[in-house]
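Residue numbers (this note's numbering), protein chains in the order written: chain A, 1 to 335; chain B, 1 to 335; chain C, 1 to 335; chain D, 1 to 335; chain E, 1 to 335; chain F, 1 to 335.
Keep in mind that the hints were calculated from the coordinates and are not lab data. Mixed in with the good hints there might be a few duds.
Straight line, CA to CA, 25 Å or less: simulated DSS-like cross-link-like pairs of lysine-lysine [what the hints assert, rightly or not]:
| # | chain 1 | residue 1 | chain 2 | residue 2 |
| --- | --- | --- | --- | --- |
| 1 | C | K183 | E | K40 |
| 2 | D | K179 | F | K40 |
| 3 | E | K287 | E | K179 |
| 4 | E | K154 | D | K217 |
| 5 | D | K183 | F | K154 |
| 6 | F | K217 | B | K310 |
| 7 | F | K72 | F | K40 |
| 8 | F | K179 | D | K287 |
| 9 | B | K119 | B | K147 |
| 10 | E | K154 | E | K310 |
| 11 | C | K40 | C | K154 |
| 12 | E | K119 | C | K179 |
| 13 | A | K217 | D | K287 |
| 14 | C | K118 | C | K147 |
| 15 | F | K217 | F | K72 |
| 16 | F | K310 | D | K119 |
| 17 | D | K318 | D | K154 |
| 18 | A | K147 | A | K217 |
| 19 | D | K287 | A | K154 |
| 20 | C | K154 | A | K287 |
| 21 | C | K318 | E | K183 |
| 22 | D | K217 | C | K318 |
| 23 | F | K310 | F | K287 |
| 24 | E | K40 | E | K93 |
| 25 | F | K217 | F | K119 |
| 26 | B | K217 | E | K318 |
| 27 | B | K287 | F | K217 |
| 28 | C | K154 | A | K310 |
| 29 | E | K310 | C | K318 |
| 30 | C | K72 | C | K154 |
| 31 | A | K119 | A | K93 |
There are 6 protein chains.
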Amino acid sequence: MPRLFIEQLTTPGQNIEGVFLVAEKDLRTTKKGAFFISAKMRDRTGELPAVMWDATQALFAAIPQGGYALVKGRLGEYGGGFQITIEAMRPAKENEVHLEEFLAVGPGNPEEQLARLKKLLDSIERPALRALVAAIWADEALVRDLKRAPAAEKLHHAYLGGLLEHTLGVAETCEAMVKCYPKLDRDLLLLGAFWHDLGKTRELAYAQAFGYTDAGKLVGHLVQGVLMLDGKIAAVRASGTDFPEELANVLRHLILAHHGTHEFGSPKLPMTAEAFTLNHVDNLDAKLHAFFRDVAADADPVRRWTGFNKMFGGSLYKGFEEAVEEKEKELEGGL
Amino acid sequence: MPRLFIEQLTTPGQNIEGVFLVAEKDLRTTKKGAFFISAKMRDRTGELPAVMWDATQALFAAIPQGGYALVKGRLGEYGGGFQITIEAMRPAKENEVHLEEFLAVGPGNPEEQLARLKKLLDSIERPALRALVAAIWADEALVRDLKRAPAAEKLHHAYLGGLLEHTLGVAETCEAMVKCYPKLDRDLLLLGAFWHDLGKTRELAYAQAFGYTDAGKLVGHLVQGVLMLDGKIAAVRASGTDFPEELANVLRHLILAHHGTHEFGSPKLPMTAEAFTLNHVDNLDAKLHAFFRDVAADADPVRRWTGFNKMFGGSLYKGFEEAVEEKEKELEGGL
Amino acid sequence: MPRLFIEQLTTPGQNIEGVFLVAEKDLRTTKKGAFFISAKMRDRTGELPAVMWDATQALFAAIPQGGYALVKGRLGEYGGGFQITIEAMRPAKENEVHLEEFLAVGPGNPEEQLARLKKLLDSIERPALRALVAAIWADEALVRDLKRAPAAEKLHHAYLGGLLEHTLGVAETCEAMVKCYPKLDRDLLLLGAFWHDLGKTRELAYAQAFGYTDAGKLVGHLVQGVLMLDGKIAAVRASGTDFPEELANVLRHLILAHHGTHEFGSPKLPMTAEAFTLNHVDNLDAKLHAFFRDVAADADPVRRWTGFNKMFGGSLYKGFEEAVEEKEKELEGGL
Amino acid sequence: MPRLFIEQLTTPGQNIEGVFLVAEKDLRTTKKGAFFISAKMRDRTGELPAVMWDATQALFAAIPQGGYALVKGRLGEYGGGFQITIEAMRPAKENEVHLEEFLAVGPGNPEEQLARLKKLLDSIERPALRALVAAIWADEALVRDLKRAPAAEKLHHAYLGGLLEHTLGVAETCEAMVKCYPKLDRDLLLLGAFWHDLGKTRELAYAQAFGYTDAGKLVGHLVQGVLMLDGKIAAVRASGTDFPEELANVLRHLILAHHGTHEFGSPKLPMTAEAFTLNHVDNLDAKLHAFFRDVAADADPVRRWTGFNKMFGGSLYKGFEEAVEEKEKELEGGL
Amino acid sequence: MPRLFIEQLTTPGQNIEGVFLVAEKDLRTTKKGAFFISAKMRDRTGELPAVMWDATQALFAAIPQGGYALVKGRLGEYGGGFQITIEAMRPAKENEVHLEEFLAVGPGNPEEQLARLKKLLDSIERPALRALVAAIWADEALVRDLKRAPAAEKLHHAYLGGLLEHTLGVAETCEAMVKCYPKLDRDLLLLGAFWHDLGKTRELAYAQAFGYTDAGKLVGHLVQGVLMLDGKIAAVRASGTDFPEELANVLRHLILAHHGTHEFGSPKLPMTAEAFTLNHVDNLDAKLHAFFRDVAADADPVRRWTGFNKMFGGSLYKGFEEAVEEKEKELEGGL
Amino acid sequence: MPRLFIEQLTTPGQNIEGVFLVAEKDLRTTKKGAFFISAKMRDRTGELPAVMWDATQALFAAIPQGGYALVKGRLGEYGGGFQITIEAMRPAKENEVHLEEFLAVGPGNPEEQLARLKKLLDSIERPALRALVAAIWADEALVRDLKRAPAAEKLHHAYLGGLLEHTLGVAETCEAMVKCYPKLDRDLLLLGAFWHDLGKTRELAYAQAFGYTDAGKLVGHLVQGVLMLDGKIAAVRASGTDFPEELANVLRHLILAHHGTHEFGSPKLPMTAEAFTLNHVDNLDAKLHAFFRDVAADADPVRRWTGFNKMFGGSLYKGFEEAVEEKEKELEGGL
């Protein structure tokens, strides 16, 4: 039986057999005291609630939340929508899981983006920083994580490759800022742009579903980024290149201060011109990405405003009348 | 007697005769009930306290605060410093005042800056907005004010020509942002950059000393800017060019929302991508200007930090070791 | 078939044919990819969800959100309640819509309220301000809007005529305040009371359903009020009456500062005694209106507290024991 | 028919006859205008929605919210769950209500806890305070309330006996603090620990269901505690023992300042070392109780984090890997 | 030697002998280790620094801060101003102190104000509250304190009689509010107006100099007011008049909530219509008093703005041009 | 000439020759354009302003701020106090500086405190953590820094040895908390207590004068502490002891979250029971230390309140009447 994606499950009674990502699971008890599992199953095309009666604590413990399960059952209905009634379930084996069926993938070409980022960083001038950049490219695992990680669980660039796309966006905008404000230290700003969110490769889980790791919840990507930086600086020094401690502190500061205020989790306020600039550029890149995404996601062809948007604290203005009129014309043309 | 500037008043007993800007004035009474005037006198080179005994309420009222007075007296001492003991004083006549002796002047060339700004704005495409731009250049008084006004009383670009310099900085950085984020509406963003602080020509007093006008205190530059915009839109419409009301609202929004939050005095939060971008670019241009100014103003050649800086909430980091070392070398070379 | 109001739709299967206000509409897709419209239909007596299967994007675009549609269908059930299953729908023609069937109407008599407001304003003394008042009464469209607009979408006086009722309440309380505090400038305070919310005639949409206009979202009623004031001042000046600029600034300030703090959207804090007083009286009139409305809306005859009230941050105390006991007695009398 | 608890109601159609606590009640009208009552019925084992058709306003008024009703009906279904369909209902008589069937009871032994608390307080040294302590123990109603009251409606120690358990916890931790910081005034700190939440015996209703009294909503437990203190001080003075007014003020301050900030409802900030210490110890005891309760309540044996916890602003970390592994081992052992 | 007031001390070397209020005192040590006293001496006309060399700890302890001292010495100079060099000093005896020489006295007539307040309160209707009012007037000490106390140490009505003036202002404005909003409970609002600041008779010290008592700092006037209310309610009940507990709670709430927010020290937010109204009227009366006082205190006849005013967060607008012009004309007339 | 301490400089004209700590230095220019140095000189007994005329930029650069200078000059007077007029000055040589003349030293015995701390930490049970503790004691430089560093520049325990004293106080109070709340993980809490401020050995400069290092300003002691922890964990692992990553994360969290809120600079909120407890105990130890210090520093034997205290937001209550009376008796006894 070929795999049916969730968007293809539309007929009550359909047989279901396949691997799903277990987005949520809860062990509950019926009024009579029997255990049952309430879960949410996900693939790339959507999510459905699921229920398995006659479950055991041991089965529940075996099914990995945020991991994959092989599910047999059929499509049922509940509360006005569909749900999967699970008849049997076990953890999926590694060779049964095809990741491209499960994770959102960004629109960009990672190799092309990485090449642009490399070109920018390779133009850094100070020898110590050039050695640091070389140490980055030499670390294949790091480069692989950078290409793969999302930039956030939900807020912006929340797809595989999002971290690289956001990092490149910030770096290229920083390059533009250096041209507008030549007193900025280009070396430091570019390196800060590169490293500001690198800790997200450890803060976020994205091997299976997007979420936060324990390290992410307990330590966070700012300090994780500093720990990663210190690891690389140690390697540079071990290789015989001088790396002044003050330069290390200035780079740590760029990472720690990039959220701009204590309120947003930075333990230090930006006190260098580059840290201040990086904070603004990072915020602008993330927010503009989210702005254009949320405007594009609004399906209504005539209204000029989206619904209430939590990130911006109001409805977003989708655009000036003429643009909307063009959309309407296209639509009319299609009738 | 040639005019002595305040920085030249260094010998107690020196005779003083000349025009000063009356930065502050207070009418007080001695223990015995006689009136005396306590004032602060200013010229381009500094400020000194001044006192005039045996004053009258009428004389006090006649002397214009924020205006100019012809002062006769001599240099005295008080509280460990110098003060001017005024023997006679009257309002200065217009032909006695030479403004260049009193007001700080920015470092740029206004004509060159205006030309760059014009080039940017003249590339705007929509006909209604082109008509609006034409109406600006046709208003000689407005262009004169734009070239002359400071951008703030104290915070940033606080000198004659500062408003133009800041407006150009914001506009050029916005142009760079459009290249980084092509979904931004270039016409709107450039016009917003031009108009965001234009109300400062009415909010700030800068004919004589920098300060706030009554309109500035009661209404503020955001709403003044909107009133000025509405005046120009009325003129465009009167000339027969169609100017849609929605376009007007989007421009008003750019002006009103450019402070970004209610806390900083914007009656509306930015809800268009251009308003959000303008808020960040404006903030960045103003703060970077202040950052580099305050770092440059710090006279100590060896310390890496300025004193506590109120705008940034801490000491500013003056720069990386090597830069400071270069300065030291220059200094050593000079010994 | 006579029009059935929503409160009369109580039997599943009832045929429905009539005009409804389209309070919300969404275009969605079934699992199989077909479009359907999910909507909320409203009249004066209530609101029901509605669904139309087999819809098209063009039909969806044609139906005006916040406008009126002629609907044919029957009463169905969904999720434990009623919903309208729409069989056919088109935009209503102007002569098919009877507004009194759709919009909440305030309890007062607008003509009587307007007369009281006129009497107060006509007692203003300064010639410039008398000319301004005359210009108001001469503007029939303005007076019509004032009589018709609500004072808010939901918070207080949210019905046709609410703006006039609130404006009169504020003006009469201001008049009482002048008697308590004779140093207040009566002319300014009364004119401020009149104009403080006048921009709501442009901020709010109330021709069909209550909501915010584009101008309301982008500019807001404070600045809209100032623009309306400037229009009238220009007319007064054009008629030859002197209107000093400082007087205009003081009036603009009254409008801009009447929310009292930046946090509530005022770009200026109240810095005149009249602005400070107006802020308090406005707040008191709006909140007392809401307080008594919410207490009256609580149907339970015995509890002394309403449920949690968001505006006041807690449960409202409905009144002292004896009052509740009186209510109970009335009730017992009726058994 | 023996009483069935709510957790035993599992078969649609079951007959129901028994006393329930009326947790909520609302009088509503059907589309046709008839009254019906929608309610929530509760006992010690859970809560179910209930509905009674053909109700009257008089019956509604007679049924005590937060009190007990004798209910006849049967178990129905609604919205995917069970609900009680009430056929007849009247207020329960006092002898029909058995409180142990309705209220959560804390895990501790009140007599043993009271003895420990007494031992601590009886070691207080100053004569005036010893007289105050004696007056407490002599007040049987107060001691009974202290043993019975919960410490909060929901936040922490929300069960009968919770106030005593929390009071003892705070007092014993304060005793430990005195050993760590001997400059603290032990007499004052212990008495403050005893009295800090005593006003909750009047703020909270716990005779039938947990909730707030009118006095609790209008006055609050801080000021109620001060009024109770003043009553006892008056008694001590009346008995001839000197009780200095300053001592009274210092004790009042301990009660009024124990929430630590204005934001949390203290009218005074802690300005004595004992008030500052009491604020911290109270907070720690309440939060650690809630922390361990919420971690224990999480049923999932493998996840290391609870869901989002409002009191702490995030997910709680349930414990270090080895602890979780032990739990898993236990579980495996049971399979 | 007749008493010289501080405003008469204008000649260095003048002999001084008289009673002064000791506004501040500090015991300090010279570089050589000798004690000296640094103090501030005050009478009704002003304040001067004072110094006494060769002081002892015992003398320092004997001199009452906030009390009166008989001082012998002469007028010296220090730091550009005058100071009293004390040669001998001892605590003043009671018959040496004439209070009218030391405390600011309000402009009103307390007997006339009290009569107006009495007339308002005597019109209260509920018997329990009438008994409460009667108990107030029967308490001569309370009436005397009410007539004498200031309303604040510095903020507003900071003079003898200020509390009565403010209480009357609030009560009369509340009476006006009842006419504007007839649903308000007049009895409760008037009694709340009377009692809201009554605790200031215990919070503030005003027998000698204005300041805070220990009770004021530890407990505050809100809770002090409630304790005073409870004392009077106990007396009413003792006299046989029924005083329902709920009525007591509603009155306590009016006192406790009258600051309006936790931030300003209210332990409860206003949840009755009367409490909400009282909060606004109290704030308005206090702020308008301060506004007109600070505008009147500004000596400059031409400027339209005061200096920065901390209470209002900006410069106060002194009034419209014509008013200022009138002042100028008066002034010109006088020249 | 024997060294004169600053408290011995009491006679204008005294010759001065000795080493001083340069607490502040500024290079200024006279009216005539000559450089002069304005400085503050400090030793253990106090601080004096100093001025050196005819200075050069090179000399200014050579004198180390926060370091030591050999000064020749004499005692002058300025602005009503003493100042040092410097005639010659050069950086002090290492053998000329005796640190005990310059830095405040705590009251405790570091060896005894260290022994108590060791005893507590050596009772930790988990092998990985025992290895970590062993690695601490093996690091002589770390132990030396711990014994020597202050706990803060000014706020609390601001003297040599203060960090050890504060660390011990927190650890011992945590031990007491574990006894009160046995569910707390003793190993983690003790190790967190030990490490929470360890980064201050790098954040603060205390070799010469107390201040912040560059690393302190750019990175801060929270993240410095984590970097130090990671260094030691790497060493433990290198020695062959297993140290689970999750255990490392939990320890990092204890350090990063110990300020309790974002506002106070923690990048993570406490989400383990131990982190929450550590935050409260740390705060309590620091604040009680400051409370008792500031009360003890108040020299006035009779007043019950200190002046306004910024850390606590008000005047501190120095203690109950009887305590003050005892002090007075002692004083009287001494007269």
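Is the hinted pair E:K119 and C:K179 satisfied, with a Cα-Cα distance of at most 25 Å?
-> holds (19 Å)
Can the restraint linking D:K179 and F:K40 be considered satisfied, given a maximum Cα separation of 25 Å?
-> Violated, at roughly 42 Å.
Decide if the proposed pair is consistent with the structure: A:K217 and D:K287, CA atoms, cutoff 25 Å inclusive.
-> Holds: A:K217 and D:K287 sit about 20 Å apart, inside 25 Å.
Under the criterion that the straight-line Cα-Cα distance not exceed 25 Å, is the pair D:K318, D:K154 satisfied?
-> Within the cut-off at roughly 21 Å; holds.
Given the proposed pairing of D:K217 with C:K318, does the C-alpha separation stay at or below 25 Å?
-> Roughly 13 Å separates the two Cα atoms, so the pair holds.
Under the criterion that the straight-line Cα-Cα distance not exceed 25 Å, is the pair E:K40, E:K93 satisfied?
-> Given that 25 Å is the threshold and the Cα spacing comes to 19 Å, the pair holds.
Does the structure keep E:K287 and E:K179 at a Cα separation of 25 Å or less?
-> holds (23 Å)
Given the proposed pairing of C:K118 with C:K147, does the C-alpha separation stay at or below 25 Å?
-> The hint holds at about 12 Å.
Is E:K154 within 25 Å of E:K310, Cα to Cα?
-> holds (12 Å)
Regarding the pair F:K72 and F:K40, is the alpha-carbon distance no greater than 25 Å?
-> holds (15 Å)
Regarding the pair C:K318 and E:K183, is the alpha-carbon distance no greater than 25 Å?
-> Roughly 12 Å between the alpha carbons, so the hint for C:K318 and E:K183 holds.
Going straight from one Cα to the other, do B:K287 and F:K217 come out at no more than 25 Å?
-> holds (20 Å)
The structure is inconsistent with the numbered hints 1, 2, 4, 15, 16, 19, 20, 25, 29, 30 and 31, although it conforms to all the rest.
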